[in-house]
Structures are given as C-alpha cells and as structure tokens.
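Asker: Chains as they are written, first to last, in the working numbering: chain A, 16 to 335; chain B, 16 to 335; chain C, 520 to 905; chain D, 520 to 905.
Worth flagging that the hints you see were computed from the coordinates, not collected in a lab.
Incorrect hints may appear among the rest.
[To be verified] Stretches of chain C that chain B covers, calculated by requiring three or more beta carbons in the stretch to come under 8 Å of a beta carbon on chain B:
#: 1; segment: 565-574
#: 2; segment: 668-679
#: 3; segment: 696-709
[What the hints assert, rightly or not] Straight-line distance between alpha carbons at most 30 Å, and here's what the computed DSS-like set of lysine-lysine pairs gives:
#: 4; chain 1: B; residue 1: 190; chain 2: C; residue 2: 587
#: 5; chain 1: B; residue 1: 51; chain 2: C; residue 2: 581
#: 6; chain 1: C; residue 1: 648; chain 2: A; residue 2: 54
#: 7; chain 1: B; residue 1: 313; chain 2: C; residue 2: 691
#: 8; chain 1: A; residue 1: 313; chain 2: D; residue 2: 691
#: 9; chain 1: D; residue 1: 567; chain 2: A; residue 2: 313
#: 10; chain 1: D; residue 1: 691; chain 2: B; residue 2: 51
#: 11; chain 1: B; residue 1: 54; chain 2: C; residue 2: 861
#: 12; chain 1: C; residue 1: 581; chain 2: C; residue 2: 861
#: 13; chain 1: B; residue 1: 313; chain 2: C; residue 2: 587
#: 14; chain 1: D; residue 1: 691; chain 2: B; residue 2: 196
#: 15; chain 1: C; residue 1: 691; chain 2: B; residue 2: 54
#: 16; chain 1: A; residue 1: 51; chain 2: D; residue 2: 648
#: 17; chain 1: D; residue 1: 581; chain 2: A; residue 2: 313
#: 18; chain 1: B; residue 1: 313; chain 2: C; residue 2: 567
#: 19; chain 1: A; residue 1: 190; chain 2: D; residue 2: 590
#: 20; chain 1: B; residue 1: 313; chain 2: C; residue 2: 648
#: 21; chain 1: D; residue 1: 691; chain 2: D; residue 2: 581
#: 22; chain 1: A; residue 1: 51; chain 2: C; residue 2: 691
#: 23; chain 1: D; residue 1: 691; chain 2: B; residue 2: 54
#: 24; chain 1: D; residue 1: 691; chain 2: A; residue 2: 51
From the three backbone atoms N, C-alpha and C, an ideal C-beta is built for every residue, glycine too.
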Amino acid sequence: MTYIDAIRDAQDHLLREDPSVFLYGQDIATFGGAFKATKGLAEAYPGRVFDAPISEDAMMGLAVGAGIEGMRPVIEMQFADFSSVGFNQIVNQAATHYYRTGVPVPLTVRLPSGGTPGSGPFHSQSMEAVYAHYPGLIVLTPATVSDAYHMLIDGVALDDPVIYCEHKFLYRWLKAKSIDKGEHLPIGHARIARAGKHATVVAYSAMVHEAVRAAERLLQDGWDIEVVDLRSVKPLDIDTVLASVARTGRLLALGEAFPWGGVTAEVVARVSAEGFHLLDAPPMRLNAHDTPVPYHPKLWAAHRPTPESICDALRRLLAI
Amino acid sequence: MTYIDAIRDAQDHLLREDPSVFLYGQDIATFGGAFKATKGLAEAYPGRVFDAPISEDAMMGLAVGAGIEGMRPVIEMQFADFSSVGFNQIVNQAATHYYRTGVPVPLTVRLPSGGTPGSGPFHSQSMEAVYAHYPGLIVLTPATVSDAYHMLIDGVALDDPVIYCEHKFLYRWLKAKSIDKGEHLPIGHARIARAGKHATVVAYSAMVHEAVRAAERLLQDGWDIEVVDLRSVKPLDIDTVLASVARTGRLLALGEAFPWGGVTAEVVARVSAEGFHLLDAPPMRLNAHDTPVPYHPKLWAAHRPTPESICDALRRLLAI
Amino acid sequence: MQSPAESEADALKAVAAGAGGTLSCGVLMNESAAHAANLALDREFLRKAYLAMLRARILENKLSSLYKAGKIVGGVYLGRGQEAVSAALGSALEPGRDVYAPLIRDQAGRTAFGEPLLDCTRTYLGSVKGPMRGRDGNIHRGHPAQGMPVMISHLGAQVSVVAGMLFARRLKGRIDGVVGATTIGDGATSTGAFHEGLNLAAIERLPMVVVVANNQFAYSTPNARQFACADLVERARGYGVGGLSVDGTDLLACASVIGEAVRRARTGAGPQLVVARLLRLTGHGEHDDASYVPDHIRGDHYGRDCLDVATRQLIETGATNQEEIDAWREQSIEEVRAAVAKAQREPAPDPYRESWAALASRFAVPDSSPTARDSATAATPAPATP
Amino acid sequence: MQSPAESEADALKAVAAGAGGTLSCGVLMNESAAHAANLALDREFLRKAYLAMLRARILENKLSSLYKAGKIVGGVYLGRGQEAVSAALGSALEPGRDVYAPLIRDQAGRTAFGEPLLDCTRTYLGSVKGPMRGRDGNIHRGHPAQGMPVMISHLGAQVSVVAGMLFARRLKGRIDGVVGATTIGDGATSTGAFHEGLNLAAIERLPMVVVVANNQFAYSTPNARQFACADLVERARGYGVGGLSVDGTDLLACASVIGEAVRRARTGAGPQLVVARLLRLTGHGEHDDASYVPDHIRGDHYGRDCLDVATRQLIETGATNQEEIDAWREQSIEEVRAAVAKAQREPAPDPYRESWAALASRFAVPDSSPTARDSATAATPAPATP
Ligand SMILES: Cc1ncc(C[n+]2csc(CCOP(=O)(O)OP(=O)(O)O)c2C)c(N)n1
Ligand SMILES: Cc1ncc(C[n+]2csc(CCOP(=O)(O)OP(=O)(O)O)c2C)c(N)n1
Ligand SMILES: [Mg+2]
Ligand SMILES: [Mg+2]
C-alpha cells in the first residue's frame, strides 16, 4: 500500500461512511485524477465525485457554500501550486467564516505538494506556510502512509477548513505493508519518527524521511539524532518538540519550502521563546534556496535539503 | 506633510522624472484614489495614470507585461486585502520572472495595509509575510513620512517586483515638517528608531510608533528600550538587528500581523540562529491574535499589540 | 425609454413591448411577458416589495444621519436608487426555502427577504448581540445556515458560494423548487470570481439568479472603464444562461422581469442573468459625495428615484394609496427609531470575554492549539476561557 | 461540415459560405471573406505555415520518442492535431514587431514565429545553454524581451501579460501596426484570468488576438463540464470584441480566419477572439493515452489530421508538391536530429555554479540580501560567488 493508495482509500472510506462527503476537482471523476487518487471512486459512488472546470476560485467558493449547507466537500487541486488561484476564497472566505458567522465550513482541500525531479517552478511548491499564516485554517502535512490515511479521514471530520498537503514525492515511493485502521495519533500531535539523544530534527512531510536518512548516516559517526515529525503544522504541537529538545539540547528545523518565514521560522521562534533554556547550541534552520523550484533534476536536488546537506548542518550543530 | 502626502509626492516625482513610470489602479485617475494617494496626478500627467477595472489578477498581469517591456508600472491595490485576487500573478508570474527568464520585471504594487478602527476583516490585513515568503519579491514596510517617500522612489527604481506596504493608520496621522529629499538610508538597511540599552524591540510599519510609545512609558520605570525599524522585511537587515541585540541582550519581535509565521518568526529565528550568544533572555514575540481582524473598534484595539501590551511583554522580558 | 410607464396598463404594455423590461436573448418572449403580467398584477407582491423599499429607505436615511453624527465607525454603504431591483429580488424569494446572498446595496432585498431590522442596526452599531457579534460590520451580515450567506468584501466571491449551496442541496435531494440568488455590481462583473462562479453554475445548471445592478459606476469608475460590450446582458449567451434586462428604476418592470428570472430558475431553466440599469443616488459610501457623476447622468431617465416611481405606480394601480403609505412611513420611522435605540443600548463586544478563536475545532493536546498558545504570547487582554 | 474543403476553390467558397471558417458576430462578412481569400491565395504564407507544421510534427515525434526512451525528465506536451491553428497564427505574426505568447501546444506557431529549434531541444533536454538555463523546462520557454513571453503553468495567466506588453508599447508610442497574440485551451477559458485579461484588453482596445484552441477536452474533461454555451465564440460579444470561428483542422480556413483576426487587430479593430475547433491527436502529455476520448469523436470530422489535410491542400493549390514536401521532411529530420544531438552534448546546469538568486537587485548591505544570507543556512552546495 503506497501513500497515494492510502489517500485513495481514505476517500473511499469517507464516501462510504459519510453521506455528506463529496469529491470535486479537475479530472477526478472517470479519469481518477492526475495522480489517480480518486481512481474508481466515481464509479463506486455515482453522483458523489465530480469533474470541476478549471476554476480554482469557484471550486473553493463552491466548497464553502456546500460547507455552509453541512456537506463535507473534499476538493482536489491538481497541484498545490494552482491553489494560488483559489487563494482568495481559501484565506478570506473559508478561513474567516466561522469566526465571523459562527457557522463552520467543514471542507478539505487536497494539495499535491512538494518537488519531484523535472516538475519545475509551478508543479513543485509547498504552500503550507502561506495557509498556516491565516487564522481559521488547519494545515496537515502527513509524512507516512498511515498518516496519509488517518489524517485525511480525521481532517475531513473536523468542522474547520483543512488544507491537506500531500507530498507528491511520497506518492508511489512510500509504501507500507498495511495500515492499522484502528487506534492512531489524533490531529494536533507530533510524533517521534526516530528516537535519539544528541540533536532534534523537526521536520514534516517528505523531509521527515530525508531527516531519518541523515540520522542513519550520522549513526556511523556515533551521533544519535532524534527526528520529530510535526504531522500538522497548524496546530503545531510545540510540546512534543520542546520535550524532544529538552532531551537533546539541539534543534535543527528542516523544511523543503522557501527560506523566508515558514514552518522552520515558526518552530525555531517558538522553541527559542518557550524553550530557550533547553538549548545547548543556537537553533538552526535548513530550507530550500530562496529561488523558485528549478526544473532541472540537478538544480532541483540542490535546491532542497538532501541527506548530505542535512548531515552537514547537523555536524555543524553538533560541533558547537 | 503627512505619510499619504509623501506617497503622493513620491509618485509625482516618479512621473516627472521617469517616463517609464505609469500608475494603474482602481479609481486612481480623476478620482485620485480611495485614499487620495494619486490626487491631481492624472491631470498633471495626462495618459500616465489609469483607472483599472476590478480585476486584480489582470492588473498584475498587465504590470508584468509592461515590466517586460521596460516600463515601471506602479499598481495601486485599493486595499492590501484585495491583492489576494492578484496573488497568483504576483507570486507565480512576477516573482519568478527574473529567475526563469533573466528578464527583470520592475513593477511596484502599493498595498494600503494594516488595521484602522471599524475596517473589519477585509480592509485591515497585513500581507507582508505572505509575499516575503516567495523568492523574487522585495517587500518594503515604511514607518515614517520620509521613508514613505524615499522607499517608494527607490523601490520603483529597483529592477525587481516590489511589494510596498503602506500603513493606512499612518496615512493622515503621521506628519513630518518636511522631507529631506537628499541623502537617505538605502533600501536594505534597518534603522534605529530609538536608541536604548535594556532591550531591543524589532518592529516595522505602524508598530514602530507603538513600540516607541511603549518605550517612552517604560522610561518612567527606568528602562531604556531600543527600537529597530526594519524598513524592509525582505531583504531583512539582520546585521542591524544583531548589533542592537548585542547591545541590549534582549529581543522582542513585534508585528501587527497574524501570529503564525511571519516577520516576527523570521526575526526571532534569525536572531536565535545567528546571535544566540547575544541573548540574555529568551527572545519574545508579540503579534495580533490568531483570528481575522475584527470590525469593532474595541475588539480591533485588543486584537493587535498596543503600547500597553507591548509594555507588559517588555516587563516580562526585562524580568527574566 | 425616456417616458416611464406609470399606469398599470402602460407598464404591462411596456413590459410586453420590451420597453419597461426587456427579455433578451429571445427566450420565451410571449410566455414570459404573459407571466410578467401575472406577477405585475400580483398586488400582494407589489405591496410587499414597495414596503421593503420604503422601509429600507427610511432605515438607510437614519444610517446616514448616524454616520454623519459620528455614531457609526467604519463605512456606511447605501442602496438608495437601487431599492426597486433589490426589493423585487428579495420579494421573489422565499425565506426558509431559497438562498439569498445580498450585496452591498441590498437593504431593500434583505428587508423583503425577512432580515430582522435589528440585524442591521446591531451590526452597524457594533452590538455584541448582532449576528456578527461585532466581529464584522455594516453590510457584512447574514444567517448562512438559514439561507443567507454573509458577503466578504472581495467582489464577485459570493457567486460561487451560492452555487455551492445549491449544489449541496441538490446532493442532499433538497433542490426541488429552490432558487439561489445574488446581486452584483457592474464593476464586480470584471472579476474572475464572477466569471468562474457563473460559468460553474451554468455547467451544473443550478437554479440560480444573478442580478447585476448596473448603476453605471464602480465607486468612481464609469462603465466605459469596466467593460466594452454594449450591455452586460450580452454576456448571458456566452455562459449559456438566460439573460434579461430591466429598467432598474421601474418597480413594475423589476417585479416582472426579476420575478420571471426567478420563476425560470425555479422551474429548471438553469441560471439566469438579469441586468438592471439604474443610478446609485448616493455616494459609494456615505464618505463619498459622488461628485464624479456628471450632471447629465444625474438628470437622465435612470437618474430618477425608483421610490418615487414606485409610489406613483402603486397608487395608480390601486395596490395602495397615499394614506396607507403615510401610515407605513410613520410605522417604519418608529420601528427604525426603536431598533437603533435598542442596538445603541446593547453592550459592545468585550475583548476580555472574546474567545479569540478562529477555529471551531478544539484539540486534545493542551496548549497545542495555535489559539491558546498564540494568545499567550499575543496582545493583552488575556484570553477568556472558552 | 463533414466534407472537408480540399481544393483551393472549394476552400475559398467554404470560407465565404461560413463553412470552412465562419466569421461570426456578423462583422464585415463580405469584406473579410474577400480578405480571407487574399490570404489563402498567399502562396508564401501557406508554404511558411505548412513548413512550420511539418517541422513541428517531426520535432514533436522526436520528443515523444525521447520521452519514451526516458531521455526527458518531466512532462512532454505536444500539439499534434493543432498544428494548423498554431502555424497559421505564428505565420500571421511578425517576429521583432509583434508579441506572441504561445501556450502548451504551440510548437508549430513557435517555429513559424522563428523560435530557434535549439530553444526547444535545449529546454526539453535541460541544457544550461537553453533560454531557461535548466531553471524551467519543456514548453516554458521564450524570449520575453524579444516579444515572446514565457508561459507560467497557471492557465489563463498569459492573456493579461500580453495585454500589458501592448499597453506598454502604446505608452512608449510604439504600438502602430503591432499585434499581440496568445493561444488558450477550451479548459482555460474557465479561468478568471482569461476573463479579466480579455475584458481588460477590450476596455483598452488593444491590438490583441486570443485564439482558443477548442480541442474538446481539458486533460480528460470534456467541453460539457467546462462551459454551457453552444460555442465559445459566443463569448466575444459579451466582451465587446470581434469573434471568429474556424475549423482548426483546415489550414486554408485557419490561414484566412486567423489571418483576418490578426489583420483586424493590426488595423485598429480592437481585440479579436478566434475559436478553432479541433481534436488533440495525442495525450494531454506523453504520459497520457487519452483513452477518455470516445471513438466517435476520434472518428468524426475534427478527428482528422490537420497535417494530412494541409498536405492535400497545398498540393492541390499548387503551393508545393510531394517532392518538395519530401525534401522538407528529410531536411527537418536532419535538423531535429542535429538539434537533439547538440543539446544532448551540452552541459547540464551545475548547482555549484548556480547563483541561486531570484532577484536582479543586489543590495549594498553585506549579508542582508536574503539570497546570500539564506544560502548560508540553506542546502549544499555552497553558493557561488556572483
Ligand atoms: C476584488 C475587489 N477589488 C476591489 C474592491 C474595492 N471596492 C469595493 S466596492 C468597489 C466598487 C464596486 O462597484 P460595483 O461592483 O459596480 O458595485 P456598486 O458599488 O456600484 O454597487 C470597489 C472597487 C473590492 N471590494 N473587491
Ligand atoms: C489554473 C490551473 N489549474 C489547473 C491546471 C492543470 N492543468 C494543466 S493543463 C490542464 C488542462 C488544460 O486544458 P485546455 O485549457 O483545454 O488546454 P489543452 O491541454 O486541451 O490544450 C490542466 C487542468 C493549470 N495548469 N492551471
Ligand atoms: Mg456599480
Ligand atoms: Mg483543451
């Protein structure tokens, strides 16, 4: 079972269990979506899965309207990058609705996020930071097959607008034998992806795996690195992060997104403010370069953090 | 001369001196703009100041096209909040253009930003953090009458897309006898708005004045607070900030925007990472509440930082 | 179209001839003209719409004075001159069944649709008891769960929201006989949101009515800087929706044409675009003197006051008489006075009791919700316990 | 329209009769039909367009093989079946004077407009010497400063950019005789960007041509889920722009109708919307087998291959002959082979030498530029000194 299979299965589950759920997105009906995340669902659930026109603004407005009426629309953006066109409805209509009116709009936007080789500046973006900045949105960033499944189901059950950032690089590469469909960590909790004692890497989405890879390499040098998987960037489970930093004394905040602001800034700022005394060394950040995501695989690989650059950063952090 | 007069005069200067400058925005021609920032300019410069349709996306696309052709369009958004509709053209077309093609697009977007009493969720937003997150944009946040003037002129002269955040609260309230039209601090430099020794408040835009007010109150208790005015949030002059923190040992990052991420997170993260040893106490942040900007003046005043809440935060910071 | 149709018979003839209200795009001209006649003959409909116009005018006059007296913070946006269009739409809809998303100049439609007067005064005066609890103000109010969504400022954005509400009702099997309607300005037709929303509604063939109140200006910007077609109704065909034009200063025409659009949508003809021509008889907001409106436009046919026209029309058709109108006026003045007084006596929102929570969800992890945590590092006053 | 017009005479008759290419919205029917005839008679124009079609087809076939052989990373988007429309537009424009913003399926138009073959192979194969230096790929290429802006992926976004370029030229006093053109898919007409851009162009009355290549599908989504009007050309009137339809599988028709649209724009008639009907004869990208296209659509008139039609047309009109075509083909194959080989030998971008600078500006303050500073805390490799 791959990460994308889990997303498909979660939607299958949602359609089966909750009559208020419907799916709306470009090419998601008979075609099953650009990434096949809805394959077979239009046939299995007639009248519940719809092809949308190329109108991200109206797609989001439709979702808000349906949410007002008590439905739980799940919107697929073909790529996270195109949600920029629906940005206004997301941050101004959906995000403010509950605060202004007291009426929640339970909608979920699936954002196929993050870079893959050759995808270029407009099919590679990570937009979690932009949405997390706005009050009224919940931003989920699952890193595992199990989280991809459970967090989508749990996210759709929330009464607030949920931005569900699914990482395209993990779609087919990340596999699990099966998913435990019972007990699981609720939304709002971070997870220790790898226990360690010398430094904490706080990561989310695909970068969790790069961090674990880096940690495994450093083991050869005798360093034991803890990796925290944030799971959701808003809400941000700072307690789990602080508890980890309390154990290790060192923090590297790791993200694939652009370097100004964003999750790594929020994590470092929160830890510095709330856990200053826990830090034995200056906290560090590692992000992508401050350019659009380049097309060429060679540039792309150097644009984002890699196990090598994470190891380098950790070595510097551990040397202090 | 008020802050808004300075903005008007800067545009007058630009139109007079640079034939490649033109102004484009809703109601900015004969009417002179919702805030009168372009009053009289359409008459003074025929064929250079245009009323735009209510099409923020196309307004920004037009600016990019004009920038490609070597013009220097200055786009007025009627309110910063409405730039959400032009978001895609700003962050995906304008911001990426130079990196992708090597051809710069020198355009400036004026964003009437920030809260005023009774303006509510959609006429009060501070969007600097959202734009600063994207590579390829320069984000300016003038806090003084003189900076409003010079930074607009200097910003328009830059070859990159510039997001010029002008604070509506300062428009008529902030006055200066006159503007020294000669020597001035270039873009990229922060400014010590008030020298002090016990703690550093890093602020920008309208919050600089609230910080100075708070500092003056604390003087009565014997505390001498330094206030750094960032002036531009991207690029961010971290050196000036670090030098100040080196003097005071304490940092409060202050902003009017939403609390997740944003300028205060970036400032605290950068100072913690690069000036950890300079800090005698955990760095602090003070932002608005994590809700949309409320309409009612009483809620509004409590939503954003005030001299009182800044004093409270500083007292806590100084007590550590 | 310079001589307003002022007797019932004239009005109906005008409708049939396409003068008072023209049904464009060549659909069902005879049938609809006949239906329009029925509607125009509907005495109760006209009385309801007229009363809504009158009450809206009186309320808005009061709002204007309150604004000028400094009693309202923020903007005041009035529908003066647009009451006929607005009231005709509000009256054609059925509260509890239909969806109505009023816009900036729809006090009359709101009143006709049954919005309580107190909703307005409380929201403008910032009473915490208002539907927006002081969190939003002025024309940003409604009851989304009861079929009246609350506008955001971003123009055009409500079109797709109404479409979504109708889409949801269809999925729930509760679409039969339902109509969703919204109004929009001439300026707002330039937004991508309008285009995407109307196109989506057309694709889904939703029972939707979009009324464009073409008041010839968007703030200060005249039509010529907003679109290049001769009449916005020419857009209907390109979306594959019904298109109707109407003289927005003529209540009888509005009643028949907008009523017809609503009937068509209700009976399965898909989305309808109605373009009403008129002039806003006030500033963009009460801060604005509208000095950019040239005299010749103020003085032309569309510069006339739709309330005067409606008064004459209703008296001439015998739907009411001057005496009753005077009584209605007195009663409305009193109601408005009372609603203002009540709202003014009510408490403002208390920042110390405000929950400062933008999310409906509460998370199990203590302190991990951004709200709780951020409040701790945010401005005084301290957050209230929810 | 089931029998393609295949002899010159037939084609011209068809144009005049509105079959091969219909000039809608009732403007200048006679005059333009006559003009179209002139264009269609323009032997050089047809030869140029045909050669561009042929070269594009050969190039794209090669790209497809390279993709299938795993030599191209990322998507490959082809214009197979759309060459007639694309080449007609590219041929009607004048490089160095006009603005041309090609979209995803415009290899033929690019070729006709003079884009060097190497631009394509270098960009697809990631050569650092290509116009995008490996920073962007595949169909994202151009020379903005020379009148060929580079598309972003967000559909509809180029319309207003072209408008802005023309607007700038007017301000600079260099608009005379200039045309700006862009293409767009049927699906992209649902974007707000298309609406806002075209409306803006109409208001400013810019010399602009927007060609909608209605290939009946947007990725897998058929027209019926994208719009509800009978024909997208019906939108023209609502924008106040000229509207023309054409059979996109018929080069003679495309040459005359698109040529006419360009001529109108060039001579002051304002923006022109051309809607060409056709079928994409390939997947959305080369990863897609287009199995969602039903057989009856593949088999109908618009399912025919425009290159075959054009070949017959050019031979029958005597504009060329089979021998010359064979020679062109040979030559094109060789050129493509050489361009691929050259690009493949060229270096990829070197991340260690990449400047990682998204800004053209350099700031005086040492280390305060986000680029320099962020690179220091960002991924290896170390930033090069600029
Ligand atoms: C997307 C967007 N851009 C700009 C504005 C600012 N604005 C508010 S009302 C208005 C004019 C609206 O004109 P129109 O749509 O004709 O409505 P009217 O005020 O005439 O009723 C403008 C530009 C806005 N609210 N939303
Ligand atoms: C705003 C936006 N939304 C979604 C996409 C994803 N996407 C890329 S091409 C495409 C289909 C385009 O169809 P059409 O406009 O008809 O052009 P065609 O591919 O048929 O030439 C889609 C949905 C996009 N590029 N931009
Ligand atoms: Mg208007
Ligand atoms: Mg298509």
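Asker: Run every hint past the structure and note whether it holds.
Answerer: Status of each hint after checking the structure:
1. Only residues whose C-beta sits within less than 8 Å of a C-beta in chain B count toward coverage, and the segment 565-574 of chain C has 0 of them, not enough to reach three; the restraint is violated.
2. With 5 residues having a beta carbon nearer than 8 Å to a beta carbon of chain B, the segment 668-679 of chain C meets the requirement of three or more and the stated coverage holds.
3. A count of 3 residues in the segment 696-709 of chain C with a Cβ less than 8 Å from any Cβ of chain B is obtained; the coverage claim is therefore met, three being the minimum.
4. Straight-line distance between C-alpha atoms of residue 190 of chain B and residue 587 of chain C comes to about 26 Å, which keeps the hinted pair within the 30 Å bound.
5. Among the hinted pairs, residue 51 of chain B with residue 581 of chain C is consistent with the structure: their alpha-carbon atoms are about 28 Å apart, no more than 30 Å.
6. Simply put, residue 648 of chain C and residue 54 of chain A have alpha-carbon atoms about 48 Å apart, too far for the 30 Å limit, and the pair is violated.
7. Pair hint residue 313 of chain B plus residue 691 of chain C does not hold up; C-alpha atoms about 41 Å apart against a cutoff of 30 Å.
8. At most 30 Å may separate the alpha-carbon atoms for a hinted pair to count; residue 313 of chain A and residue 691 of chain D exceed this at roughly 41 Å.
9. A hinted pair counts as satisfied when its Cα atoms are at most 30 Å apart, and residue 567 of chain D with residue 313 of chain A does not qualify at roughly 38 Å.
10. For a cut-off of 30 Å, the pair hint linking residue 691 of chain D to residue 51 of chain B stands: about 27 Å separates their Cα positions.
11. For the hint linking residue 54 of chain B to residue 861 of chain C, the alpha-carbon distance of about 41 Å lies beyond 30 Å, and the restraint is violated.
12. Between residue 581 of chain C and residue 861 of chain C the alpha-carbon distance is near 14 Å, which keeps this suggested pair within the 30 Å criterion.
13. Among the hinted pairs, residue 313 of chain B with residue 587 of chain C is consistent with the structure: their alpha-carbon atoms are about 21 Å apart, no more than 30 Å.
14. Between residue 691 of chain D and residue 196 of chain B, the direct Cα distance comes to roughly 29 Å. Compliance with the 30 Å bound is thereby established for this hinted pair.
15. Taken as a hint, the residue 691 of chain C and residue 54 of chain B pair is broken in the structure, with Cα atoms around 53 Å apart against an allowance of 30 Å.
16. Our distance criterion of 30 Å between C-alpha atoms is broken by residue 51 of chain A and residue 648 of chain D, whose separation comes to about 36 Å.
17. Note on residue 581 of chain D and residue 313 of chain A: the hinted pairing holds, with a Cα-Cα distance of about 24 Å set against a maximum of 30 Å.
18. As the CA atoms of residue 313 of chain B and residue 567 of chain C are separated by approximately 38 Å, the hinted pair breaks the 30 Å bound.
19. For the hint pairing residue 190 of chain A with residue 590 of chain D, the CA-to-CA distance comes to about 27 Å; that is within 30 Å, so the pair holds.
20. For the hint pairing residue 313 of chain B with residue 648 of chain C, the CA-to-CA distance comes to about 15 Å; that is within 30 Å, so the pair holds.
21. With a C-alpha separation of about 42 Å, the suggested pairing of residue 691 of chain D with residue 581 of chain D is violated against the 30 Å cut-off.
22. At most 30 Å may separate the alpha-carbon atoms for a hinted pair to count; residue 51 of chain A and residue 691 of chain C meet this at roughly 27 Å.
23. Restraint check: the Cα-Cα separation between residue 691 of chain D and residue 54 of chain B comes to about 24 Å, which is no more than 30 Å; the hinted pair holds.
24. Pair hint residue 691 of chain D plus residue 51 of chain A does not hold up; C-alpha atoms about 50 Å apart against a cutoff of 30 Å.
When held up to the earlier numbered hints, the structure conflicts with 1, 6, 7, 8, 9, 11, 15, 16, 18, 21 and 24 and fits the remainder.
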